[in-house]
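Residues per chain, in single letters:
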Amino acid sequence: MRAPGGRGDTGERIKVSIAEFAIASTGTITTSGLGSCLGVAIYDPHAGVGSLLHPMLPRRNGDDDRPPARFVDSGIDAVVGALGEAGADPSTLRAKVTGGAAVVDFSTDDGYSIGDRNIETAREVLAARGIELVGEEVGGDCGRTMRVDAATGGVTVQRTDGIDTEL
Amino acid sequence: MQIDIDSLETYNRLAREGASSAAESLSGLTGIETHVEVTNISLMAPADLKYEYLGGEFSGVRIELDGALDGETVLTFDEAARETIADVLAPGADAGMRKSSIEEVGNILTSGFIDGWADHLDAVIDISPPTYLEGSGTDVLPAETADADEQVFVFRSRVESASGSLDFHILLVPKRESLVEALEPTADDAVPFEKLEVFNEMTKSGAERAADNVTTMTGLETDVEVNRMRFVPVDKVPAAVGDQRYVGTVMEYTGKPSGYLVILFDRPSAEAVVDALVPMETDGEWSEMEQSAMKELGNIMTSGFIDGWANVLESSIDHSPPTFVSDMGSSIMSPIVGRMARSQEHAFLLDSMIRTDTDGVFRCELFALPDEAELREVLDDLLVERADKTHVDPDEVF
Chain A
1 MRAPGGRGDT GERIKVSIAE FAIASTGTIT TSGLGSCLGV AIYDPHAGVG
51 SLLHPMLPRR NGDDDRPPAR FVDSGIDAVV GALGEAGADP STLRAKVTGG
101 AAVVDFSTDD GYSIGDRNIE TAREVLAARG IELVGEEVGG DCGRTMRVDA
151 ATGGVTVQRT DGIDTEL
Chain B
168 MQIDIDSLET YNRLAREGAS SAAESLSGLT GIETHVEVTN ISLMAPADLK
218 YEYLGGEFSG VRIELDGALD GETVLTFDEA ARETIADVLA PGADAGMRKS
268 SIEEVGNILT SGFIDGWADH LDAVIDISPP TYLEGSGTDV LPAETADADE
318 QVFVFRSRVE SASGSLDFHI LLVPKRESLV EALEPTADDA VPFEKLEVFN
368 EMTKSGAERA ADNVTTMTGL ETDVEVNRMR FVPVDKVPAA VGDQRYVGTV
418 MEYTGKPSGY LVILFDRPSA EAVVDALVPM ETDGEWSEME QSAMKELGNI
468 MTSGFIDGWA NVLESSIDHS PPTFVSDMGS SIMSPIVGRM ARSQEHAFLL
518 DSMIRTDTDG VFRCELFALP DEAELREVLD DLLVERADKT HVDPDEVF
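Protein sequence lines, in the order shown, are assigned to chains A and B.
Reminder that position 48 of the first sequence reads as 48 in the working numbering, one-by-one numbering, no gaps.
So the number in the working numbering is just where the residue sits in the second sequence, counting from 1, plus 167.
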């Protein structure tokens with residue numbers, strides 16, 4: 001089983017694309033090509049279950065025809081629901097966030113890019129859901145690849161400028 | 168012959184579901200997680216199918232389809248996948264048994280892929296016994312379509328595993344009449360097949376002019392090698408471009424249609440063109456001067472590309488100054504697609520590849536992403552007889 005809403009149980013690496021998420025209790029969940037998109041890891045270290053969400057836009061704005069994992073707000077809600085079903089305790093969830101870069105400098109953004117809006121929305125939504133944001137490596141103008149250790153919530157972020165960060 | 172664009176969405180979904188079912192079967196057989204990375208429908212000249220098989224050794228199966236859908240399906244495993252499958256299903260076996268395991272797995276996966284189509288059409292699709300395929304690049308091309316001179320729709324899915332050990336491609340190439348019949352256009356806004364072909368040809372001549380402009384500016388010989396129109400779910404555009412590192416420019420254009428043009432060079436090619444324009448030593452970073460040389464090149468290529476469209480469409484299309492980009496292809500596409508996804512679920516991705524004939528050093532891809540609704544309007548208004556007007560005729564202007 002796999003994203004969206006799938007659960008990996010083979011202990012292998014699971015790859016997540018844009019507008020998808022996956023949850024797993026073993027192995028690694030990865031996503032690449034994070035530009036203005038976010039990589040959001042939400043996990044319960046006590047239950048040993050984690051997730052990776054790759055949303056593209058900030059808010060779904062009630063448009064229920066659109067895939068939930070495309071948006072930061074509805075994506076987080078979908079992941080939290082799936083984590084609960086997988087045995088995570090919703091009250092002890094933690095999150096780590098990366099991405100939200102301005103890889104393309106659109107002059108029409110007036111200095112406030114899709115990436116900036118995605119980051120801001122993730123902070124707001126996580127706070128509103130009572131999920132502690134324990135690490136972030138966001139913004140800038142580089143693409144990123146994210147790896148999440150499903151059981152521990154350990155995150156590695158590789159930036160295309162060669163800088164790697166552990167969260 | 169009319170094509171109902173909305174039904175392309177249905178067929179894209181069918182191809183994706185078929186590929187998912189094949190991916191699940193393969194995961195079930197091998198215990199390795201696989202994932203449909205991208206599914207799209209391309210309109211292309213059959214000869215351009217070779218683009219799907221650039222580099223590497225492939226093996227797999229071909230089956231011929233008859234009945235409700237007439238054409239062929241080709242499923243190919245790359246070399247690593249072939250080894251993985253043989254190691255899992257026929258460990259330590261001789262070459263013959265290893266080949267049989269590929270054939271058997273290929274047969275199971277293609278049957279699963281086709282079943283969904285038969286269910287949707289509520290009709291029988293007859294499939295031939297599988298023919299084993301093995302070879303490099305074009306050796307595994309679909310046989311019947313390879314020499315046809317009219318454009319064909321190609322349904323293509325790329326399935327990947329996170330470790331890269333179990334990747335495969337599945338291609339469905341229906342015969343043209345059979346597909347049009349199966350698509351059964353009912354909507355009022357169906358588009359004649361010929362208009363899509365004309366638009367695709369316009370894009371190719373646009374790319375050719377962009378390539379000529381590169382040659383004029385840099386002295387590097389260039390040629391447009393591949394050109395295709397892909398119809399792809401908007402979320403999947405970044406995956407369609409891939410994670411390879413690129414250097415290039417992004418332009419936003421306004422008019423009818425509006426959209427984005429992304430010109431991406433692989434790194435050695437970017438260095439080659441910039442060296443030709445600004446011959447000076449650099450330390451690997453892209454200096455201001457090199458970035459502005461790349462932007463100037465982007466400007467000139469874009470003008471060549473867009474002017475042809477505007478001339479055939481009899482509309483005015485302006486473009487923004489180019490923005491320099493250097494990153495993973497998928498990361499570059501993500502903010503563009505983010506903007507487009509506010510108003511559309513599917514994208515027309517017009518993709519042309521410019522290469523050199525000589526040593527293969529030079530490689531550049533042009534990705535045009537017109538606004539979907541505006542492109543439909545433009546196609547509706549398109550006069551097929553203006554198709555050859557991609558060059559400006561001075562007599563018409565003055």
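Rather than coming from a laboratory, the hints here were simulated on the basis of the structure.
Honestly, I wouldn't trust all of these hints.
To be verified - A few chain A positions that, by computed beta-carbon distances, are all more than 12 Å from chain B:
#, residue
1, E12
2, A19
3, A24
4, G33
5, L34
6, H46
7, H54
8, P55
9, P58
10, G81
11, E85
12, R94
13, V103
14, T156
15, D164
16, E166
Stated by the list, open to error - Here are a few chain B residues that face chain A, going by a calculated C-beta distance under 10 Å:
#, residue
17, E317
18, A329
19, K342
20, S345
21, M384
22, L387
23, D390
24, E392
25, R509
26, E512
Cβ atoms here follow ideal geometry from the backbone N, Cα and C, with glycine treated the same way.
Grab the minimum C-beta distance from B:L387 to chain A and call the hint holds if it beats 10 Å, violated otherwise. Given a least distance of 26 Å, the restraint on B:L387 is violated.
With 12 Å as the threshold, tell me whether A:P58 passes as away from chain B on beta-carbon distances. With a cut-off of 12 Å, A:P58 comes too close to chain B, as the shortest Cβ separation is near 9 Å.
Does the CB of B:K342 sit less than 10 Å away from some CB of chain A? With a closest approach of 31 Å, the B:K342 hint is violated.
Check on A:E166 being off the interface with chain B, judged by Cβ distance over 12 Å: Consistent with the label, A:E166 stays out of reach of chain B, its closest Cβ about 20 Å off (over 12 Å).
Interface restraint verdict for B:D390 against chain A (beta-carbon cut-off 10 Å): 28 Å, violated
Quick one: work out the minimum CB distance from A:G81 to chain B and report holds if it exceeds 12 Å, violated otherwise. The claim holds: A:G81 sits with its nearest Cβ about 21 Å from chain B, beyond 12 Å.
Non-interface claim for A:E12: all C-beta distances to chain B beyond 12 Å? Violated, since 5 Å does not exceed 12 Å.
Should the label of A:E85 as a non-interface residue stand, given a Cβ cut-off of 12 Å to chain B? At about 20 Å from chain B, A:E85 clears the 12 Å cut-off, so the statement holds.
Let me know if the C-beta of B:E392 comes in closer than 10 Å to any C-beta of chain A, holds or violated. B:E392 check fails; min Cβ-Cβ to chain A is 24 Å, beyond 10 Å.
Was the hint right that B:E512 lines chain A, CB cutoff 10 Å? Since chain A brings a Cβ to about 8 Å from B:E512, closer than 10 Å, the hint holds.
Can we confirm that no CB of chain B comes within 12 Å of the CB of A:R94? At roughly 24 Å from the nearest Cβ of chain B, A:R94 sits farther out than 12 Å, so the non-interface label holds.
For A:H54, is the shortest CB-to-CB distance to chain B above 12 Å, so the non-interface label stands? 10 Å, violated
The structure fails to meet hints 1, 2, 3, 4, 5, 7, 8, 9, 13, 17, 19, 20, 21, 22, 23 and 24 from the earlier list, while all remaining hints are met.
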